[in-house]
Each structure stands twice: as structure tokens, then as C-alpha cells.
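Student: Just so it is clear: in the sequence shown, position 313 is 295 by the working numbering, and no numbers are missing.
Don't read these hints as lab results, they were simulated from the structure.
Since we're looking at a predicted model, the values are computed, not measured.
Beta carbons: idealized from backbone N, C-alpha and C, even for Gly.
Incorrect hints may have been included.
As the list claims (entries may be wrong) - The calculated EDC-like cross-link candidates involving lysine to aspartate or glutamate, where the alpha carbons are at most 20 angstroms apart (straight line), are:
#1 K96 - E304
#2 K263 - D221
#3 K385 - D322
#4 K184 - E156
#5 K184 - E210
#6 K197 - E304
#7 K96 - E109
#8 K197 - E156
#9 K96 - D220
#10 K197 - D220
Said to hold, decoys possible - Derived DEER-like restraints, expressed as beta-carbon distance ranges:
#11 D279 - L14: 36 to 42 angstroms
#12 A76 - W196: 26 to 32 angstroms
#13 R(-5) - D193: 45 to 51 angstroms
#14 E371 - G42: 45 to 51 angstroms
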Amino acid sequence: MAPLSRADDIDVRPIAEGEFADWLRAVNTGFLRVPALTEEEIEGRRGQFVPGRYLGAFDGGRCVATFRSFDQGLTVVGGASVRADAISAVTVTATHRRRGLLSRMMARDLAAAKDRGDVVATLIAAEYPIYGRYGFGPATWTCEWTIDVPRAGLDARWAGPAGGGRIDLVDGEEVRGLGPELHERLRGSRPGVITRDETWWKVSTGALPLDPSWKPPFFAVYRSPSGEVEGMAAYEVDDTWGDAKQPLNTATVRWLFGVTPAAERALWEYLCSIDWVVKVKSGWRAPDDLLPHLLPDPRAAGITSLADWLWVRILDVVRALEARTYEGRGTLVLGIAGVDGLTGGRYRLEASPEGASCTPTTESAELELGVGELGALWLGDESAVRLAELGRVREERAGAARKADALLRTSRRPWCPDMF
């Protein structure tokens, strides 16, 4: 029997285009999906291949670990967009665990991202404990509701949005025409929202079929009384009937967004008014979403999932803290414990509604924290006071955590509506 390969004998490197199919099979294996892929699936995904951004670990020529990154724009507090290194398709085959393969791939990718000038790295963590050791922190959370439509208290005679406006059902081609510009408007108003490129819109509307199980959804568009598109949604409906021939259908939202509260209200009321639908599943929403309180009886929307979502790893402290806006005014000296030599040191943040500056300093830190904790605080969702009580940040000057909250926290929670 051949001995196990030593970690040093496993080659971690960017894959060649000719290895793409084997890499995809390793991704499926790592995520416990059927490893086999059709030629159509392979060719459909080949258009996403970017040399140098797909990493693999190879043992005797077989791909046993995978890692992918791609360019992403991430909206920060105030509406600016920063360059992000989005990480996805991270797997290690079960036969090759505990050999440092993920650490080697992560170190290689983050160093390259830092050299490119990316401000942060982002990912959606499949498991909570994995990524904190690489300097990532949970920067947004997601919540899913299931609406019991008969209990919601909505007018059963609903025939259109209050105050004018209209809902139209459209096809995928219209969504590809209307969606990108509308989504950019959303991006400018909500921290945590990430870019949706042309491929995203094609995949989500069926123009680029990467998943053989994909089924076309319904697409709804909300237009204001002036005719301006202000919201849209994609949803599917199952086919469920009770024993007494009673329709018990569930509408499941794939994605829904509006750039005005009126648009959000109109889309949710529309979904709850569809004949035969008795439940609506909301899809991924921010924990402070308007949804439950758009219903006459908010208790009709029960929480079915609440979890961490977008994780952020700060790569450039100065650019990250200067990119966002601040509602308060003050100065704070942060001592940041770095990871892998990429980020760390002491920084003086001077913030006000007019702008902010962040500079390296030799001053004594008022608040000591890890780069992962900075990532959790950066988009305004987490509380430094809470982290101090958990022992994850340390006050070197009394009241520093409260000062940090006054500067960093936001009135609305950040929201990342997408999986990647």
C-alpha cells in the first residue's frame, strides 16, 4: 500500500485551462455533489475561467483541493464601492484534510489580492469556524421569513399597489435589460451589496444554463406612478394541494429588491395576493428588513433562518476606513493584530460627516482588536461594546469601544443579497 503523500509533496498552484474539467469535478466532490459533469456544464462554466485566479492542490496529478477568486465591487457605508477579492469554490477532498492545503491556497490568493490593490477579500462561509484564522470576520447577516398569507391580514381584494404604480410580469430578456441599472441604484444606497456582472444576469435568467436542474422563475417588475422601474423580483411556485382539493401553494423568492419602500411594499403585497399561494418564502433578507412590518400582522412572517452571511477580510486598513462615511465626529486610535503579515499595526482614524483620514501612528492604541473583528465592524453591523464583552476586543482606554460604536455603527444594517 502506498504511503500517504506528505503535505510538501502536494503541489498547490494555479490550474491550467486544460485542467479545468478535473478541477470542477473536485469542486463537486468537495461539496458532496455528483462528481460527474456533462460536457455542456463544463463548457458553460469555462467562460468564467481566468488564468491565475483558479487554484488547485494536486497529489500525483489528481486535484484534491480547489479555490477560486474573482473581481468584485462591494458597497461600503455611504455608497462608495471598493475593490474586493471574492473567494468561492473552496474545497478540500475528505482524503486530504488536515494537511494545510487551504492555508496554502488562501495565503497565495490573499497575497496576490494585496499586490493587485484590492481593499478587502470577501466570501460566504459554509462553516463558521473556518475563516476567522485567516482574518475574516462576519460583516453581514441574513434572515429568511416564511409568510403565512391567510394570517397576514392583507386585503384579499388587492388589485394593485396603493397610490398608483403597477406590477408587470416580464421575461428574462426584459430583466437583463432593466435589471443591471436598477441594481446599481440599489448598490449606491445599501452597504454590503455586491456587484452583479453580465454572467450573473445571464445565469439568473436562463440565458446561460450552468445548472441542468435550473427552472425558469416568474419575473415581476414594479413601476412607479411615473412609469419608472423601482423594483423587481424572481420567484417560483410549487404545486401543492390538500386532500379536499384545496390549493396550498408556496411561492419562494429567488431574489427581490426595490430602490424605494413603495417598491418593496408593492412586490411583497403582490406575492401575497397570488391566487392559490398560502405561503411566501422570502429568500435572503437583511435582519432589519421592512418585510414583517409591511404586513398588518407582522407575526404572520416567521423567521425560518438567521445566520452570518458575508465575511470580510480587510487587506488595506487605510483605504477601507477612508472609503466609508461616518455620521459622527471623533478620533480613535486602533491597534490591529494582523494575520500572515498582510495587515496590522496602529492607525489613527479621524472621522466626521465631511470625510475621514486614517494614518499609521506610533500613538498608544485606545482599542486593540484583530483584523477579523475590524472586518465585522467595518460595514456598521457589529458592536465594539458587544465584542469587548465577549473578550474579542480590548479597551486600552475606558470608553473606547463606545466611541468606536458611535463612529462605525449605522442606522440600517448592511445587506448582501447574493450567494457566490
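Student: Within a Cα-Cα threshold of 20 angstroms, do K96 and D220 meet the stated pairing?
Tutor: Given that 20 angstroms is the threshold and the Cα spacing comes to 46 angstroms, the pair is violated.
Student: Within 45 to 51 angstroms: is that where the Cβ-Cβ distance between R(-5) and D193 falls?
Tutor: The hinted range 45 to 51 angstroms is violated for R(-5) and D193, with Cβ atoms some 28 angstroms apart.
Student: Using the C-beta atoms of D279 and L14, is the stated range 36 to 42 angstroms upheld?
Tutor: Since D279 and L14 have Cβ atoms about 40 angstroms apart, the given range 36 to 42 angstroms holds.
Student: Compare the distance between the alpha carbons of K96 and E304 with 20 angstroms, and conclude whether the hinted pair is satisfied.
Tutor: Roughly 17 angstroms separates the two Cα atoms, so the pair holds.
Student: Against the 20 angstroms threshold, does the CA-CA distance of K184 and E156 hold or violate the hint?
Tutor: Roughly 11 angstroms between the alpha carbons, so the hint for K184 and E156 holds.
Student: Is the straight-line distance between the alpha-carbon of K184 and that of E210 20 angstroms or less?
Tutor: Violated, at roughly 23 angstroms.
Student: Hinted pair, alpha-carbon criterion (20 angstroms max): K385, D322. Please report holds or violated.
Tutor: Given pair K385, D322 is violated - Cα atoms ~29 angstroms apart, limit 20 angstroms.
Student: Look at the Cβ atoms of A76 and W196 and judge whether their distance stays inside 26 to 32 angstroms.
Tutor: Taking Cβ atoms as reference, A76 and W196 lie about 28 angstroms apart, which means the hint holds.
Student: Could you see if the CB distance from E371 to G42 stays within 45 to 51 angstroms?
Tutor: At roughly 50 angstroms between Cβ atoms, G42 and E371 fall inside 45 to 51 angstroms, so the hint holds.
Student: Going straight from one Cα to the other, do K263 and D221 come out at no more than 20 angstroms?
Tutor: holds (15 angstroms)
Student: Given the hint that K197 pairs with E304, does the C-alpha gap stay at or below 20 angstroms?
Tutor: Violated, at about 43 angstroms.
Student: Mind checking the alpha carbons of K197 and D220 for me, to see if they're no more than 20 angstroms apart?
Tutor: holds (12 angstroms)
Going down the numbered hints, you'll see the structure goes against 3, 5, 6, 7, 9 and 13, while the others check out.
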